[in-house]
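2 protein chains.
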Amino acid sequence: MKEEKISEAVVHRLPKYYRYLNDLEQKGIERISSWKMSSDLDLNASQIRRDLNCFGGFGQQGYGYQVIKLKEEIKKILGLGKKYTAVILGAGNIGQALINYLGFEKEGYNIAALFDVNEKLIGKEFHGKKIFHMNDLGAYIAENPVDIGIIATPRAAAQQAANLLMQHNVKAIWNFAPVDVTVQKGVKLENVHLSDSLYVLCYRINNETETEL
Amino acid sequence: MKEEKISEAVVHRLPKYYRYLNDLEQKGIERISSWKMSSDLDLNASQIRRDLNCFGGFGQQGYGYQVIKLKEEIKKILGLGKKYTAVILGAGNIGQALINYLGFEKEGYNIAALFDVNEKLIGKEFHGKKIFHMNDLGAYIAENPVDIGIIATPRAAAQQAANLLMQHNVKAIWNFAPVDVTVQKGVKLENVHLSDSLYVLCYRINNETETEL
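First to last, the protein sequences are chains A and B. Basically this note's numbering = 1-based index in the first sequence + 2. Basically this note's numbering = 1-based index in the second sequence + 2.
Bear in mind the hints are in silico, worked out from the structure with no lab data behind them. Worth double-checking, as some hints may not be accurate.
Note that identical chains are pooled: a pair holds if it fits in a single copy or bridges any two copies.
[Said to hold, decoys possible] Here are the simulated BS3-like cross-link-like pairs (lysine-lysine), alpha carbons at most 27 Å apart as the crow flies: (1) 38 <-> 187; (2) 122 <-> 71; (3) 132 <-> 122; (4) 29 <-> 187; (5) 38 <-> 78; (6) 122 <-> 78.
Given only the sequences and the hints, what does the whole structure look like? Please build it.
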């Protein structure tokens, strides 16, 4: 892999490539051309080749890309396949939905615990994950290193939750609250914007474009 | 507004512009240059100008864009501000989280009802929204036109839910189940990929890039 800096735009396309290659692998497809990828993913073929070139590429003229090899390379670049420990701040519907959602554990993400301020929830377990009081986050982290803090609080509590995580030295934040939080330099952040895709859907309802994969 | 076809890539950037301009408006900022937008949004300034040109643009050399005017234009293009009626298939955590999530109602989305197969849930109400049996979707839609079907079922039931919606002539599907569904021609679809942003976060954990807005 070349050690070039990968642009933000490419980084955001990597998960899409990764999912796509995973699907191909599961279907037993061994190689794929940039042309077929282009039509399946609704991306320009030369853009795909440029993207894949960013990290060394593996395409061969007239042969295409080896599905498994390319998938494994993207997986490595994304840092998947490692183990990550996460905690969820906010044990309401979003927090609970996230625990159920994706078989995160299978992918190497261990959601170790939930934190909330609702006394009725403290001490309970949800799918084997204990719910602690938000005030005990520091004590918990002192004993159990945490890689990722997931914010699933209501809007008004989100920045406070981010501050609490940073105060206890959590270096990556995945924010599901419907408001952007800000972080200090060095802390990695992804704000999730669920409504963005709803807006895109509305655009499609009002315009006769074809549906994207 | 020019009636040019807007590319997929631009369509996917529109919600980001919309959110950003909304924030500026709330902060009382009246105009904005493409340079400032560029640094705030981590997008190339000439790309921003090209994007905004796609729908007529409003930038003036040395003045920039009028925030409210541009926001309203993007809102119109996205088809926001209209009224949409939605139903949720799947009344579990994801479905319940979505009802709570965003003040969708305030934005013109009326989530009218939920549907599930779990007999224990049927007939109950959640935040004033009634839960019906999935088998009654057709009868419900015959009486209450539905614009958007939201799939919040487990993975295994997602395609069946999509089929059911299409069978009853729902023309837009917002899929939250952790598996892509496919739709027939003419049906608009957005598959939500929650884990994509987790993958991007993992990339950031493993690479010293700056955090994106």
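Under the constraints set out in the numbered hints, which ones does this structure not fulfil? Hint check: 2, 6 fail, others pass.
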